[in-house]
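Just need the whole structure built from these sequences, with the hints factored in.
Residue numbers (this note's numbering), protein chains in the order written: chain A, 51 to 295; chain B, 3 to 372.
Please note: incorrect hints may appear among the correct ones.
To be verified - If we take Cβ atoms under 8 Å as the criterion, some of the chain B residues that face chain A in the derived model are: (1) Arg73; (2) Ala327; (3) Ser349.
Hints listed in this document are in silico derivations from the structure and should not be mistaken for laboratory results. Just so you know, these numbers come straight off a predicted model, no measurement behind them. All C-beta atoms, glycine included, are put in the ideal place defined by N, C-alpha and C.
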Amino acid sequence: MSELRQYSWSEAHSPDSTFAPVRVYVWELPVRVSHWFIFLPVVVLSFTGYYMHNPFIVGKGSTTFMMGTVRFIHLVAGFVFIAAFLLRLYWFFVGNNWSNWRAFVPLHRRQWRGMGGMVAYYSFLRKDLLHHVGHNALAAVTYLVMFVLMFIEILTGLALYSQVRSSTVLNAIIGWLPRLIDIQNLRLIHFCIMFSFFIFVIHHVYSAVLVSWEERNGLIESIFTGYKFVPSDELEEDATSRSRR
Amino acid sequence: MLQGQSFTGALQSRGVDRRRFIKFCSAMVATLALPPRYVAQVASALEKAKKPVLVWLQFQDCAGNSESMLRSSHPTVAEAVLDLLSWEYHELVMAGAGHQAEAALERVVREEKGKFIAVVEGAIPLADGGVYCTVAGKTALEIARHVCSNAAATIAAGACAWDGGLVRANPNPTGAVGIEEAVPQAKVINLGGCPQNPANTAAVLVHYLTFGELPAVDQYNRPLFAYGRIIHDQCERRAHYDAGRFTQEWGDEGHRKGWCLYKMGCKGPQATFNCPSARWNDGTSWPVKAGHGCLGCASHRFWDTRSPFYERLPDVPGFGVDVTAGQIGLGVTAAVAAGTVVHGIASAVRDRMRTRAAIQPSPAKPKAKE
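Set out below in structure tokens:
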């Protein structure tokens, strides 16, 4: 048995009865809601936004309100996206340990070490995956970068919308931006960040499937239910590492 | 010549009757976005106005704004505005030359100090002591400082005088700037556009003569009546845009039917100007109506910010001019997707190797199973 444990590649592959999996409520409801209400609008926004950049469906004589409808959907999806983003932003400050902003900003050596371990794992320099109850340190930093990109996307989107809308309120909020950076360059930034979302989604889904397979802890399901199945020793380790801070 | 003569008298001597004069006033009131009741006020103010002196300075320019002004016959701008003001100095059209012409300019600055209107056309070079544009042995900067800081108001006519225009476009070898930057102490109103629309120039002058002040301006000191609205929102092809009917290439069916020029790089959605309503050539047409996309010529530093003129988005720095942002984005996304597939296969191989190692640890040791 000890031989097997030595060579096995994860506890999940050789279930250890001494540390029975515990059902942990990791992702609270606002985290899951904001996750899906960021993802779904991003799909809609990418499709409609790309159409607005390059209208690949060209109407004929009798086509109805094609571009008008697409723009309307883009705007509605954009505001849903902003609402979900603000909800997640709020939850950075009131959420549990795994969704708190401290889990994302690498201020401790422990987080940088964890990042190094994940980079080593992804680049095949390391055989085993470091287990985490919440986000691993590398994923957390990636999400932080994505939140910053989302924020830039929101700012540039609002700036473009304020030009169309000529709204006094919107202009008071975002009017400074087009004076700083020309509206055409804002458009370019808004367009290019869309591809960073594509790249992120590819990586995000892949690594979620990979880690879920490695840990066998219900990671994929957890974004629907909120629960993960974590060996009790890992849970204790997670709690002590946090208290050591 | 016409100095001292009343405005009405001057118009009548040129054969402009009362009816045409009122038509001109109506057009000006409409351009200024004022209610119709101001027509009477504008008409009486113009009739009573003592003809103010105007000097038109030309620096690094193509004379396009002068041409645009002179070629406008609607609404008798040439007749009305040329007679409204005492046009004392204008290199393109003045009869005088050499020392006499320069003396006329000097006399205006001396005798009409703080009262005359200066119009500036063209950019002002600052590099190498301003040697790239000199008139009568003086640099453009010296002339502009001397004239504009003594003027009641300075009108920057066209893109070059506003923000440096074409002359200032990257890499700007002569260090050209607009009048506002060159002479900060001057009271400037900017009329961007390449060229500026003479109807707007006339409207600014009419506003000044009627109300004694310059019209309300935006953050670039451009009059809001002309630069306050997006071209896209006033465009006659807007319905085709909303319906998704686009010209795909020059001369195709959509182009012949007058569909939207969005896919041809039209910058109408990014530009503010009253081009679609004021129009050109006696109000007959404007670029989009003639079948060509808007270049955004009234936008700030449009040669740099609105190019490439036939693409929707600017070029991505470092990728040359033949690759669009969309191609780069799709390329990088595809590369990441391919890399992910490779990584997934490699991870699966690693998994197999680890599992085999776990089941068959080493030939020397006894097998864990059985």
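Results for each hint:
With a cut of 8 Å, the hint placing B/Arg73 at the interface with chain A is violated, because the nearest CB-to-CB distance is about 31 Å. Hint status for B/Ala327: holds, given a least beta-carbon distance of 6 Å to chain A, under 8 Å. A hinted interface residue such as B/Ser349 counts as satisfied when its beta carbon comes closer than 8 Å to some beta carbon of chain A; here the least separation is about 6 Å, so the hint holds.
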